[in-house]
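Engineer: Residues per chain, in single letters:
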Amino acid sequence: MTVLVLGVGHPDRGDDAAGAMVARALDGMPGVVSRVVTGDPSQLLTDPLWDTADRVVLIDTVHTGHRPGTVHRWAGQRLLEHLPATGGGTHDLGVATTLHLAAALGRLPAELTVIGIEGACFEVGHPPCRPVRHAAAMVAAALVRGLDGVAAGDLLEVAARVVDREARTSSVGAAARRPRTSVAWSDH
Amino acid sequence: MSHRHDRTISVEALARVEGEGAMHVEVADGRVEQVQLRIYEPPRFFEAMLRGRSYLEPPDITARICGICPVAYQLSAINALESVCGVGTPDGVPLPDGIRQLRRLLYCAEWIESHVLHIFLLHAPDFLGYQGAIEMAADHRELVETALRLRKAGNQLLEVVGGRAIHPINIRLGGFYRAPTRAELEAMVPELEWAREAAMEATRLVAGFDFPELEQTHTFAALRPELDRLPPGATGYPLEGGRLVTTTGLDVPIEAWPEHFHEEHVAHSTALHGRMKGGGTYLVGPAARFNLNADRLPEAIATLAEEVGCAQAVTNPFRSIVVRAIETAYAFDEALRLIAAYERPERPAVPVEPAAGTGHGATEAPRGILYHRYTLDDAGVITDAVIVPPTSQNQPAIEEDLLDFVQAHLDLDDDALQWQCEQAIRNYDPCISCSTHFLDLTVHRR
Chain A
912 MTVLVLGVGH
922 PDRGDDAAGA
932 MVARALDGMP
942 GVVSRVVTGD
952 PSQLLTDPLW
962 DTADRVVLID
972 TVHTGHRPGT
982 VHRWAGQRLL
992 EHLPATGGGT
1002 HDLGVATTLH
1012 LAAALGRLPA
1022 ELTVIGIEGA
1032 CFEVGHPPCR
1042 PVRHAAAMVA
1052 AALVRGLDGV
1062 AAGDLLEVAA
1072 RVVDREARTS
1082 SVGAAARRPR
1092 TSVAWSDH
Chain B
61 MSHRHDRTIS
71 VEALARVEGE
81 GAMHVEVADG
91 RVEQVQLRIY
101 EPPRFFEAML
111 RGRSYLEPPD
121 ITARICGICP
131 VAYQLSAINA
141 LESVCGVGTP
151 DGVPLPDGIR
161 QLRRLLYCAE
171 WIESHVLHIF
181 LLHAPDFLGY
191 QGAIEMAADH
201 RELVETALRL
211 RKAGNQLLEV
221 VGGRAIHPIN
231 IRLGGFYRAP
241 TRAELEAMVP
251 ELEWAREAAM
261 EATRLVAGFD
271 FPELEQTHTF
281 AALRPELDRL
291 PPGATGYPLE
301 GGRLVTTTGL
311 DVPIEAWPEH
321 FHEEHVAHST
331 ALHGRMKGGG
341 TYLVGPAARF
351 NLNADRLPEA
361 IATLAEEVGC
371 AQAVTNPFRS
381 IVVRAIETAY
391 AFDEALRLIA
401 AYERPERPAV
411 PVEPAAGTGH
421 GATEAPRGIL
431 YHRYTLDDAG
441 VITDAVIVPP
451 TSQNQPAIEE
461 DLLDFVQAHL
471 DLDDDALQWQ
481 CEQAIRNYDP
491 CISCSTHFLD
501 LTVHRR
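Protein chains in written order, with the numbering used here: chain A, 912 to 1099; chain B, 61 to 506.
Residues from chain A that face chain B, not an exhaustive set, calculated with beta carbons under 8 Å:
no.: 1; residue: Gly950
no.: 2; residue: Ser953
no.: 3; residue: Gln954
no.: 4; residue: Thr957
no.: 5; residue: Thr1008
no.: 6; residue: His1011
Examples of chain B residues lying across from chain A (beta carbon under 7 Å, computed):
no.: 7; residue: Ile194
no.: 8; residue: Ala198
no.: 9; residue: Leu208
no.: 10; residue: Ala225
Calculated from the model, a selection of chain A residues having no Cβ within reach of chain B, i.e. all distances over 12 Å:
no.: 11; residue: Asp965
no.: 12; residue: Val973
no.: 13; residue: His974
no.: 14; residue: Thr975
no.: 15; residue: Glu992
no.: 16; residue: Cys1040
no.: 17; residue: Arg1041
no.: 18; residue: Arg1056
no.: 19; residue: Glu1068
no.: 20; residue: Trp1096
no.: 21; residue: Asp1098
Read the hints as simulated data drawn from the structure, not as lab findings.
Virtual Cβ for every residue (Gly too), placed ideally from N, Cα, C.
This is chain B alone, in the form it adopts within the complex:
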């Protein structure tokens, strides 16, 4: 019922998000007292599992945390471990350009696969008024067919570079097991060129959706690559590494992560909650990347962003679908640049010898910064591991946003409010399976 002063809205299982969780909203005397994202998927204890294992194993083991962003886990782990072992560091073993190009290319493919699925098959139905992609497909056949073809292009790129489309197996510490030939990569160029144009057109389409009003005041955090460390052909939007920057002026190397961010337990979630030191919430993900790195987009993509109303910072989370679409077009564009500049390395990998120490690594997973830290002993045995996925970092900010959103829409009846709350949660494309290492909505109106 609408216009009641005391309400409890409960969504017991959130749809079109990855993993299992619920949402609970308490309203008393016309004010929202509490919003909780209740993540009840069991904790997975990956960090504990890694202790005592070889430094060679985290890329393969942590990739299993998530089926849609395994490359992010592989490359965050590799960044951290190679920094300990002196590979790719200023004084260490240099990484050939070709290896660095392939890593970035693999990351482009993962963004395409993840973003396309979320934009077109999971999130667009919210804006077009359908329960899901199947109901939407009958009326928007061309859109769904385009999505399937775009996703296929991403999958093929993952297969050629990573060995297979899900859980790539070709990547390792120091590089790859096999470097693809130029001819193998160039064979994909015609389809990638089509995909770049199709993604740009799709961006214009999603930019025309109706977006509910909601402005965020969170700190945004993202990586920002150092331009002189990019491989040939690459432009500077963040993917496989960079410095840690925020909209509040932080600009530090990733080694400074523990000085500025931490995780804490909360009673209603099996996932840790990320906060800034000092207690503030923050957001990672497409909007954060865009707001901190829009100046790094190549001209054609920057023009597209301006054309679709993203000339300024994006602070309405409902417009995150537009940013994802811009990033999808960027990923295709960047893939084409990397292929054009690709130099097949003489050897697919450089040797990585174990060394004692602690290493930090982070990359921009589709959902935001994914941070890894490993401590090794002399023999390369892992004595400590820390993994901070994007959804854990975003949870407190999502709850704050939902509190504001529900407060502003209490005039809606429970069904309409639940629909919009679920849509709001999907703005963040949460991956509960990653964070437990979500959704039921309950609104309690008293």
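Same shape as in the complex, but just chain A:
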């Protein structure tokens, strides 16, 4: 089974890094091919694995007014109803419009999950805020637990990668590693 994990967003623009954090944490896990998508999302449709992977998981930062770090999950046949196309400008199509374009082309993956991590700060050069980093770690862990053939060591490896990322991005590394107990998940 091949799982394509797509982390959308800019790694150096504050909370926009959430998708990249998850994708990088899962890189090399058994059965996982992960990509960080920093450019035009419509390029997803030219990735050969888009059509051939057994499962596609797309993680992006969202800004819907919920608390930072809230995790939204969209899946199933009504996924697109929750993600309206925005029409696009002359610069790129955006994630939602790309998914609608894929549907129009008859190329939506058989199993597609879109995960949105609520962000608040998108300043260039800033690290993601603590709630977003924590949510990214929880999402990565949840995705690893859903993989076939994952050993305990793999879970530890993913956890270590997220911790390492936190240590490098936070000016208060010790505090950043302090565990939090919960992340708000919202299924749509």
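Here the structure of chain A is known, so what remains is to put chain B in place on it, guided by the hints.
Structural biologist: Below, chain B without anything else, positioned relative to chain A:
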């Protein structure tokens, strides 16, 4: 309602253009009195932001004005600043061929990325009768799939030369931070060869669209490269520089820009309006480039242009989509020529020392001439900056064209008229985000 003598048509937010703007049309007694492109996106004050900063910074700062044509901003800034600092000038520090080849190659990639998106995903739906690319995709799957692959080829070229597909980071004053190897460029050749053929086929397809009648009488302005200053492998269609020429006979170095063109404030737009000295409107962009430089196209692309009905000057703005397609095929063809002739420079950049003075630079952004002017002090601190993007220059001419177009189509009801007006605006591929440094349509029929 159709056949009313007094009408107001208002489009409050234009779709499939970049940025935020509106269109307002006033009709009284069966005559169009006024057409306004109301650009309400806030001004961005980039020129003021640049004052007091180092001469090294404009390529990176001005690239942020636009996400689809950052290379144009980078290279216009570099041209202006290097001319002050004596790099690439007749008596100054010479730029190695490889650096000049990479700059032109990077520019080809930007044209591909921008033109392909606009032709296939933003403008083609107008001609094929769809609200947008998503609605079009179900019926024209092959066309959309081809567009995505063409765009990917452009993105890959940007990544290899520029470091990444959006806002390239590898370019600097004096050259690049790293020059790609021949092998890195040659690895893209098979896909670029496919893309050149696919772009030529796509040009034949869009040339078959139905084009509403509209003839322009504007002056066209474009750059025209000096052939002896082109890098090895390059043909002479304008991209990363050249002399300033117009269809009214102007042929001057870019330093003469302020003597012939200026910008003015208008009440209904946060973007300045460009005009020729003396008040005339003019147009920049693909049609202007083509009309002034068609003789510079290599044989295969010139033959293609003739085949698709562009043997003569293109004066119907609705046919600009055909010119963009021709230019896309050209960009792939030119990229292949540049890669074949590429000589990796020994050093990726030459040193650029600060010098006092004023420098002018211009390149052909996908939407037309992008002009930069900087004044530096002895330490290389910017004391003045002027940036004139293509959409600002085209706005007055677009309004004039729309006035003529609406007048000729007043028999249409408001919905049909609005549809065609929006299509007409997309002929110019306006970038409001660049110009504020657009669209709602309102037609008021009284």
